[in-house]
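Protein chains in written order, with the working numbering: chain A, 1 to 243; chain B, 1 to 243; chain C, 1 to 243; chain D, 1 to 243; chain E, 1 to 243; chain F, 1 to 243.
Hints were generated in silico from the structure; no laboratory data involved.
Keep in mind that the hints are not guaranteed to be accurate.
Given that identical chains are not distinguished, each listed pair holds provided it fits within a single copy or across any two copies.
Calculated cross-link-like contacts (lysine to any residue; reagent style SDA-like; alpha-carbon spacing at most 20 angstroms) [claimed, not checked]:
| no. | residue 1 | residue 2 |
| --- | --- | --- |
| 1 | LYS81 | SER4 |
| 2 | LYS189 | PRO126 |
| 3 | LYS156 | ILE55 |
| 4 | LYS133 | SER105 |
| 5 | LYS226 | GLU186 |
Computed from a predicted model, the values in this text were never measured in an experiment.
There are 6 protein chains.
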Amino acid sequence: MIDSNTNVLVVSAHAADFVWRGGGAIAKYVKHGANVHLVILSYGARGESNDLWNIDGQTLENVKLHRQSEIDAATKCLGVKNVEIWDYEDYHMEFNGERMKQLVSKIREVKPDIIITHGPRDAFNPDHEAVSKFVFDAAVLSTSNGVRLEGTATVKQAKIFGFEPHQSEISEFKPDVILDISEVYEQKKAAMECFKAQQHLINYYGYKAELRGNHARRCSGNNSYKQAEAFSRFFPYVGGEFV
Amino acid sequence: MIDSNTNVLVVSAHAADFVWRGGGAIAKYVKHGANVHLVILSYGARGESNDLWNIDGQTLENVKLHRQSEIDAATKCLGVKNVEIWDYEDYHMEFNGERMKQLVSKIREVKPDIIITHGPRDAFNPDHEAVSKFVFDAAVLSTSNGVRLEGTATVKQAKIFGFEPHQSEISEFKPDVILDISEVYEQKKAAMECFKAQQHLINYYGYKAELRGNHARRCSGNNSYKQAEAFSRFFPYVGGEFV
Amino acid sequence: MIDSNTNVLVVSAHAADFVWRGGGAIAKYVKHGANVHLVILSYGARGESNDLWNIDGQTLENVKLHRQSEIDAATKCLGVKNVEIWDYEDYHMEFNGERMKQLVSKIREVKPDIIITHGPRDAFNPDHEAVSKFVFDAAVLSTSNGVRLEGTATVKQAKIFGFEPHQSEISEFKPDVILDISEVYEQKKAAMECFKAQQHLINYYGYKAELRGNHARRCSGNNSYKQAEAFSRFFPYVGGEFV
Amino acid sequence: MIDSNTNVLVVSAHAADFVWRGGGAIAKYVKHGANVHLVILSYGARGESNDLWNIDGQTLENVKLHRQSEIDAATKCLGVKNVEIWDYEDYHMEFNGERMKQLVSKIREVKPDIIITHGPRDAFNPDHEAVSKFVFDAAVLSTSNGVRLEGTATVKQAKIFGFEPHQSEISEFKPDVILDISEVYEQKKAAMECFKAQQHLINYYGYKAELRGNHARRCSGNNSYKQAEAFSRFFPYVGGEFV
Amino acid sequence: MIDSNTNVLVVSAHAADFVWRGGGAIAKYVKHGANVHLVILSYGARGESNDLWNIDGQTLENVKLHRQSEIDAATKCLGVKNVEIWDYEDYHMEFNGERMKQLVSKIREVKPDIIITHGPRDAFNPDHEAVSKFVFDAAVLSTSNGVRLEGTATVKQAKIFGFEPHQSEISEFKPDVILDISEVYEQKKAAMECFKAQQHLINYYGYKAELRGNHARRCSGNNSYKQAEAFSRFFPYVGGEFV
Amino acid sequence: MIDSNTNVLVVSAHAADFVWRGGGAIAKYVKHGANVHLVILSYGARGESNDLWNIDGQTLENVKLHRQSEIDAATKCLGVKNVEIWDYEDYHMEFNGERMKQLVSKIREVKPDIIITHGPRDAFNPDHEAVSKFVFDAAVLSTSNGVRLEGTATVKQAKIFGFEPHQSEISEFKPDVILDISEVYEQKKAAMECFKAQQHLINYYGYKAELRGNHARRCSGNNSYKQAEAFSRFFPYVGGEFV
């Protein structure tokens, strides 16, 4: 059950990843009262802003401002309020001990039941793969009592779920979880529309939502599912009943 | 939630498979009021009764009687009442159109939300692999309106879960589901004790339950889990929240 | 280059598989003058005619007539003229020596450069998996001089391509070939519309074509690709240059 | 250590498989005094006698006689004396309960420490895959006390090793065992020369032996290895030291 | 055969890994006269000392002292005398050129026939994965004549074996080698008891030893095996006979 | 079709990799008029010059001079003129932001249709794996408009092909492309002969070429193929017809 005791941390490599790949999940958890925290590691200024750089005299600062405004609009559509942009350089995104401490501290602050981030493989996107390992390692470290960070205390192991990569089959993606997003789909659509320069992706992830909805119906026999998002699991499901 | 609207069908290749591999799941679902139906396809007279055949003058009929009494005792421990033994020959177990109809009809009668049976690979046990495909195919056929069987009506697609095979890693088994069986573990233990001739397996699956309990704690951070059973999934999880 | 020396054999398990999964490929090869032969193994009366069986008093004969008319309409849209329906029972489709001879003979008659059929794995559809092995084995046997069938002569090894299954990732499908079908997409769409009772599949495979078109553009940098179909390969590509 | 207490059973699908894929292993075990039993399931008259069928007026009987003489010559080169040809039809090779009993009885007679046969996957050769499963299942059944066959007694589980298939990578073959055959390589070469019509295979498996010799040297640092054969394992190595 | 010409190098990421995962192997090789060298890369002060950090006023220095005394006791139980602790920081463990030189030099000094260390994948433990690659790369470099390190000479390629990770199936672990440790199991047990704070792991690896003993018996038919440890192989087995 | 509009970039980790693994491909593309650019990242002085270091008083400078002369001779045999040696240290080869810029700039200068380099896995050679990722990441970055490098402009996504590693099966290599090199095989042979100190590799890759030629014939039925080279693909084939 999703409620105000549910803590969710979403870690997105670039400005729009969280919308295409997890916008429905975010909107749903916000709607049902969960505490959703969104960390966006970079503006995607180098790797995911092709159109903006086609403008004469474009500057890095201006690209970031532009992406900032899109992020603001999209997060408003999804209803998520705790949003941080860490402004790492992308394409290549690199990590070090300092950044590891930053994320471990964040995890210990949020105390997430659920972490949603990039899965381990993403063909065509080296940043997504690096972020996946970064978040996973930080999640493990955050549970260890010997990793001493002032003002923080260990948390219990969060469940971790991986976004669907753009080309799933050549990224070894298995849809372990198909999440029904029918009731918030209009919000996701609105959030996607905030990234107007990427009309081809708005279409693409619109179609995806319909396909995953079809899979949801076929796997469950439940025809009330309309649109869905798919995620991989990092660990087995553990619980008291078959779900 | 497990309750009296929950229908479960367990299909076991031989006399004791359902105890070693799913006894905890069965006891738990029975305890919480689900309708659990158990189909045992064979007595395991040829493949899983080595000790009995060491007795001079042993006969097939007698072996079956012996296994029948063990099954009766074990199912009593688990609390499951709807039990059928179909008395197929084992080692090799073979299937045909008649048997397919028999199982499709059973599925349509039980209307299971959940089917529990052998997973697709089981090193050292060709019967388990054959049963896995048999059950899967029957589950698919049972949903199809064009598969006309008098007195039956189509059912919606059941969720299917696979037993853990004896040697998991060389059988390509992944524990997709780790089911907490702490509250019914004494019942499972009692059921296992009904198969006294196989003391090495009683020990083995006792240790397994503890190891899976350790995994349950490590993956969830929940230390109330004591013993557990592991299962594979045949399809993705579909639902309204991350579990 | 596709021309009148190109022989293509398509083997479809059920009435509509060749449309959803390979309609674009068929239309394209027909359009460019290839000799396309289509073998439909069954009417899909049991496994893929759910809607028809909802009609009171429905009969098997009538279902087949209905599917026949849909096939006629769809093949007309695609322009394929050499069409055979072998009327095997589906759900379960079973094979034997006689049927193997029938297909080996057909392959030796058509002398295909290319065979298009179901790939080896298809979650939720046991028939598709059985057909995949049937066609593969027949293709191998057809090249062997010792497989003596009156009135036939051995052929050289055809290239074999596998249809995309309905749920690709859980069917271990890799898109080895992404085939541009932009120029014949209207024909495929028209062919799909011939199966009106399955509106959800018309939508589904419409979306799929757009997604695969996106992949085609991303993998190649060629923005002229609009819609595409994906296929697996049964063997490596062999040739004189990188393609 | 190989000696007169070592029992080996080799099961070959067709007339020459045991030479190309395991001739070195056979010669070596014979040379060191092991009891090597060779079962050849078919003459390969349909699937592996292309050249013979190019002769006008060729008959099945004559093809078998020809293959028989080649087998006689090759086994003489390798020094193996216990040779049986079971004359199953090949391409497709099919199995049933009778054949299963025949092989279980043979295994119980030979009491093999080691069984060498085809591995589970062999692209382009459906017979090899079917034989692999047939032999594996028989090996399992032969250990089971409930599988009653007059005049036989159960045996302990043999180690099973799989031949290298013709195209290893597309057959998912891993070389778990690289067996040094340097001291008997001349014998293997002589045995291969008995199949003169297949000069391309004589060359092919000659090159393979050299490549596997290179791998043997590289993996071990032992430069005395010259030629080698590769095999897969069906189960883990079990023993008292790292080998 | 294990004797005084057998050189073994064990590389353990943290203080106790070598006991849980390879204590039996170590005791066995020591017992039979091999030269066993143990390198422990870290005290596991940050990642594997949770209980110690629960003590008020705990310091890093004190944690290390505590782990040192446990290591001393455990190695004494196993009989291994050549023990070095390199005191790298753990959680995250990082490597660089200097550390690579340190390990290459060590390998060239020990001249190991066998290296035992962590396997390539270990869910929940990023350090183990990093150590696996570190050791593998060092093993390769140590054989290369162009890697010039004063006072060292190249060695031949060692066989490398991987420890069983804590959750084997989700770490893609295959038990390539199942090593009988029955004769030294009491020593392993005693060594495990030296890590009293981790009672749950003492139980866990006790159960594991029994399960692997069961697998050893089942795979070999040899009932003298009682307890065992499982390892993966980094390369194929190379040798003169099937083992 | 290969012609003067075809741009090819080959990136080789060490001095001779491009010859053993892609010499045929290079010679063929040069012969048919393509613009072939060869970047050799290191002289292989540390990892692939074992024999040279056996000479008393050997120096790094001298080893490099020696390798330079071999490279000059071999590239002459293959006909490739655009050759750069970047003189990175090998064994371990390490990468950083500067080197990434260097390769992105090179890709943007060459505008390759085809990039040929090491595949992602190569057992026994950590450098090859590191180079594979380096080249892949650079290829992705080179297409991104936000990766600003003075004097360069983005290019479209190149097709990327992976060399066959030395031990293919344990390096998870699949031969996606089998390239006929019959017409240039004498050139490849001559280029290989330039590395006289490595006679065992000259033999090895000579045998390989014959084996791959056999696979080319078997997969295609085209007997004109004599020698071939195998490559993996990094992405699916995209195009207008089945090839």
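Each hint, compared with the structure:
no. : hint             : result
1   : LYS81 to SER4    : within (14 angstroms within a copy, 42 angstroms between copies)
2   : LYS189 to PRO126 : neither (27 angstroms within a copy, 36 angstroms between copies)
3   : LYS156 to ILE55  : between (47 angstroms within a copy, 19 angstroms between copies)
4   : LYS133 to SER105 : within (17 angstroms within a copy, 28 angstroms between copies)
5   : LYS226 to GLU186 : within (12 angstroms within a copy, 26 angstroms between copies)
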